[in-house]
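J.: Chain by chain, the residues:
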Amino acid sequence: MSRLSPQNEAVAHEIISRYPWKKSALIPLLHLAQEQDGYVSDEAMVHLGELVDVSPAEVLGTCSFYEMFKREPVGRYLVNICTNISCQLLGGEELLHHAEHALGIKAGNTTGDGLFTIEDVECIAACTEAPCLTVNYRYFYKVEDGDFDAIVEDLRNGRQPTRKAAESGPEGQIPPHGTLALQRQHIPADRVAGNADPDRASAPVWLEQA
Amino acid sequence: MSETIDTPPKTTVSVQINGHAIEAEPGELVIEAAARAGVHIPRFCYHPRLSPVGMCRMCLVDIDAGGRGPALQPSCMVPVSEAMVVDTESDRVRKAQDGVLEFLLINHPLDCPVCDKGGECPLQDNTIAFGPAESRFVEEKRHYEKPIPISDLVLLDRERCILCDRCTRFAKEVAGDPLIHFQGRGSRTEVNTFPDAPFSSYFSGNTVQICPVGALTSSSYRFKARPWDLTEVESTCTGCSVGCSVTLQSSRNRVLRSLGVDNDAVNWGWLCDRGRFGVESVNSEERLSEPLIQGRGARWADALRHATELIADAVRASGPAAVGVIGGARLTNESAYAWAKLAKHVIGTDNVDAQLGDGLPASFVLGLPRATIAEAGAAKGTIVLLGTDPKETLGVLYLRLRHAVVEGGATLIEIGHGASGLSKLAQHRFWASPGGSLVDAARQAVSVLPSGQPITVVLGRGTVTEDPAVLAEAAMILAAAGARFLPALSRGNVMGALDMGLAPGLLPGRVALESGRPYFAQAWGAVPAATGYDSAAMLQAAADGKLSVLVLLGANPLDDFPDRDLVQRALAKASVIAVDTFANPSSAGAAVVLPAAAHGEVDGTTTNIEGRILALHQVVTPPGTARADWIIASELALRLGTDLGFESAEQIWDEIEAVASSHAGLDRAALALNSEGSVAAGVGGGGRPAVLALPEVPPAVQLPLDEASLRLVVRRKMYDGGTGTAHSQSLAALPASNALRLHPLDFQGLSVGEGELVTVVANQGSIELPAFADADVVRGTASVLGNVSGATVNHLLVASSPITDVRLEVRR
Ligand code: SF4
Ligand code: SF4
Ligand code: FES
Ligand code: FES
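Residue numbers (the numbering used here), protein chains in the order written: chain U, 1 to 210; chain S, 1 to 812.
Keep in mind the hints are simulated off the structure, nothing from the lab.
Computed list of lysine to aspartate or glutamate pairs in EDC-like fashion (alpha-carbon distance at most 20 angstroms, straight line):
| no. | chain 1 | residue 1 | chain 2 | residue 2 |
| --- | --- | --- | --- | --- |
| 1 | U | LYS22 | S | GLU173 |
| 2 | U | LYS70 | S | ASP196 |
| 3 | U | LYS22 | S | ASP177 |
| 4 | S | LYS424 | U | GLU50 |
| 5 | U | LYS23 | S | ASP177 |
| 6 | S | LYS380 | U | ASP199 |
| 7 | S | LYS424 | U | ASP53 |
| 8 | U | LYS23 | S | GLU173 |
The shape of chain U in the complex, shown without the other chains:
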C-alpha cells in the first residue's frame, strides 16, 4: 500500500544502526513494513531497498522466502489451523472445516470485511495441545468448535477474546496482523551488542567487547 511512514522510517534507521551491514537489517525491516500495513507492499519493499542499499528484487527475494511475510493484504486476524498429524488425529481437520463454514471462506482466503484470513498449516509445534490454532501467531490450545466461534465473536465485536491466548503476554492481547510485539524494542547506543565490522574483528565481537 505505501512506503514507510516518517515515524516508521525513523524506527527503521534505528534498527539499521544496530547492524554492521545495512543489509542485515532487512528482516526486522520487513516486519516493520508488515506491522505498518498488515502486509508487505511492493512500495514498502522498494523503500526498504533504498534504506539498506539493495535492489527491490533482492528485497523481494528475502521477503518471499518467508511465508510469514504476506505480500497481499490478509485479514486483521490471521487464523492458522493445524492439520498435521497430532492435530489431525484429534480433530484438526474438522476444526478447519468448521472454521471455513463459520466464516464462509475456504482456507487461504479472507472474509469480505477484511477481518479474518484462515490458513491450513503444518505442525505449529504445540502437538501436546492438539488440536490447536494461532491467531496472529498467538496460540490457542485444545480448541473446540465452540471455542473458535467465541474467539471470532469477540474479535468481530472489537473485544479481545474472553478465552486468553496462551503465553501472549500479561494483557493476553492479540494485536492486528503484522504486530510482532506490543512494546517496541529500543537499545541505547552504549548497550548495543557487537556493532563492529565483522571483517575487522579477530574474534567474535561479543567476546572482544566482554
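Based on the hints, put chain S with the ligands in the right spot on chain U.
T.: Coordinates of chain S with the ligands only, in the frame set by chain U:
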C-alpha cells in the same frame, strides 16, 4: 657433510585425480584442476567467471583429503589440498550424478523439441552422458506461465529453470544490476524480477548465453535456428572499441547470433547488449545494396567513374586539398589502410579524419603511453576516469573496471562533469564546476593518487562541449604522475583507423607526416606536402567553397558532428561521395553513394583501445553488390591511375606489417599464434620512422561562465541513434528520448514541473526539451543527451567554440 639438499619451497599442490598425479595451483578448485588435467567433471552452476556456489550438485566427486576417507563433495566448492585423492568415476560418483539428474528432471518440462537450447544444452548433454535412462517421477510437474519477458531482450521460462544461480550471480556480481533474484522457496523457487521493474541491464544478453538450459532465451534469436544448422566463425565485436571476442553465427546468409568468447585479455566471455544484438543490423532490409548516382540506382562501373571524375576534377581545379575524407572508424584495419593510401598517396590530400569533431586529437592520443585492459583491471591498482563514462560508451570495459574495484580492491578516481555509471564505486570524485576546469580537477586528483601502484587513466571526451585542449592538459598532468592511458574513443575501429593514418598529419604506424615523409616516399611514393584539416576544418573549408569533394566514409556528420549548421552549409556546397552500409541524412544529397560490406561480411582485423589487433571473419555475404571498403578504395585508386595492388585483406595486412612502425613484427603468423590478439606496440627504428612521442601540450584557456547561463554538458548513452542500434530489431526501440537534466537547485529556480518543456537557447540555435531535476548533475550545468534521435543537440553547438553556454526559457 650434511645429507640435506636444498630444494626450493614447493609452490604447487600435489593431488591425484583418477590415479594420475598432478600439480595444482594453491587454492585452485578441484573442478578446475581436473579440467587442466584433462578430466571433465560435469557441472551446471559452476562458471569460471562467477564465484562458485555449489547449487546444482552435478559436480559431486569422491574426494579423499586424508583422515576420513573418500566422500562425495562438490568439486566446484572444494580447493585442492596436498595429497588429496580425487575419483571422478567411482560407482558412488556415477550414482550421485544419476540421482542429481533425475532430481533436476523432475520438474523439467522436457520440451526440447520447441526449446532454443536443444542441441547445445548442458542439461541434455549431461543427461545423455551421466543421467538415468528413465525417470521414476510420475506426478504432475510444476507449471508456470511461459515464457514471460523479463526485459525487452530476454524471455524467461521458469519451468525449464534448474535454479543454478548463474543468471542471478551474473546480474549481481558482474553487471552490478541485481534486478533478477530467486524468489519463493523450495520447489516453488523461481528466478524473477521485482514487479514492473524489468531486468533492463546493458548486459542482460550474457544471462541467455550462460543459462545452462533453455530457461532464458533472447527474443530475437528465439525459434530462429537449431545449433546444427548454424555456420560460425570466430570474430570480434566492432560495436565499440573494446574489441570483445565473439563467435558469429549465421544461417541462410543471415547473422543470427553473436556469442561472447572468453578472451582473458579483453572481455572474459562477456558482451554488452549493444554489441550482442547490434549485429542484427547487418541483416536489415534497409542496407544499401547497389550504388546510387544522385539517389538513383546505378551500375558500379558508372558510380565509380562518376566518383573518380568528381575527385579528379577537384584536384585538377584546386589541388588535392580540395578533397576531404571524413570517417573510417567502421572500417577494418586493412580497409582503413587502403583508404589512407588512396587519400594520402593516390589523391595526395591530408584532409582525412576518422573522428567527427567529437573525439580527441589523433596525434595526441597516439602519443600517450598506452595501458592494457588487464593493467587497468589489476587488483590494487588505480583507475582514473578522465571525462568519460565507460558504462555508456565501452560496455565491457566497464565490467572489467567494476570487477577491478569490487573484487580486486582497485582505487577508482573520477574526474568529470557529473556522475558516471561508476560514480558509486569511486573513492574520489572531482567534478569540475562549470566555470572551473578539469585541469584543476586533475591537479586535485594527483594529490590523492596512491603511490607505488600502476595508474591507468581512461581518457575520453565525455561531452563534446569539453575543450579537447583542456582534456589534453589534464591528461598530461596525470601522465607526469606516471599514468598510462586507455583512450575511450568509442566508435568501432577508430583506434585502427588512427593507427592506419586516417587523421590529418599522420601516416600509417602512428607516425607523424613530417617524420615519416622520407620513409613513406620510399614505401609509397608521394605523400602530402603539408598537414591537412581535421573534420571541423574540412567542413568549414567546404562551407567556404574551398573544399569541393567530401567523401563520407561511413560517417553521418549531420547527426554526429557537434555543429549541425556548419555541416548543413558544407553539404550544400560540396559534392558528397558516401561509402556506407546504410543511407543516412548526411548522404541524402550525395552525388554518389557506394554500398559497403559490413561487419560479418568481410575478413580482416580490427584494433581496440589497447592497440590490440583482433581478427574479423566473414560469415555472410554482403547484400546485393555491396563491397568491402578496401575494394572500393582499390577501384577508385585504379581509376585515378594507381594500382594499389591489393587482392586480399591478408595481402594488405602484409603491407601494413611491412611499413607501419607500430605494427612491425605482427605478421600473420604472429597474429595467428595469439588468440587473445596482439598489442601493436612497435616504436620504430630499424629503418622505420619513430612513432609519435608524448606530445607537448600548451595550457588550455579557461572560459568563464556568465551568471545568467548554464554550461551545456552533452552525455552519451549506450543506446543511441547510431547504425548498430537504429537498424537492429532488438535495440531500435531502446534509445531514451532526450531530456534536459538540471541540478535540483537549478531546477527549482526554473519553477517548472518535472517533465515540463523548457527551451534551451544557445547563441546558435535552440531546442525544446522536457526538464528534470537530477542530483547527479553538477550545479550550473545543463545536461542533455547527444546521440539520440529527436531533438538533436548539435543544433546548439558551434564547432569553433570549445564550450557552449545556454539560457533556459520557459513559456508561460
Ligand atoms: S534461468 Fe537459467 S541461469 Fe538462471 S537460475 Fe535458471 S537455469 Fe540458471
Ligand atoms: S563492449 Fe564494445 S566490443 Fe564489447 S560487446 Fe559491447 S559493443 Fe561490442
Ligand atoms: S501437529 Fe498440530 S501442532 Fe503439531
Ligand atoms: S557445478 Fe558444482 S554444485 Fe553445481
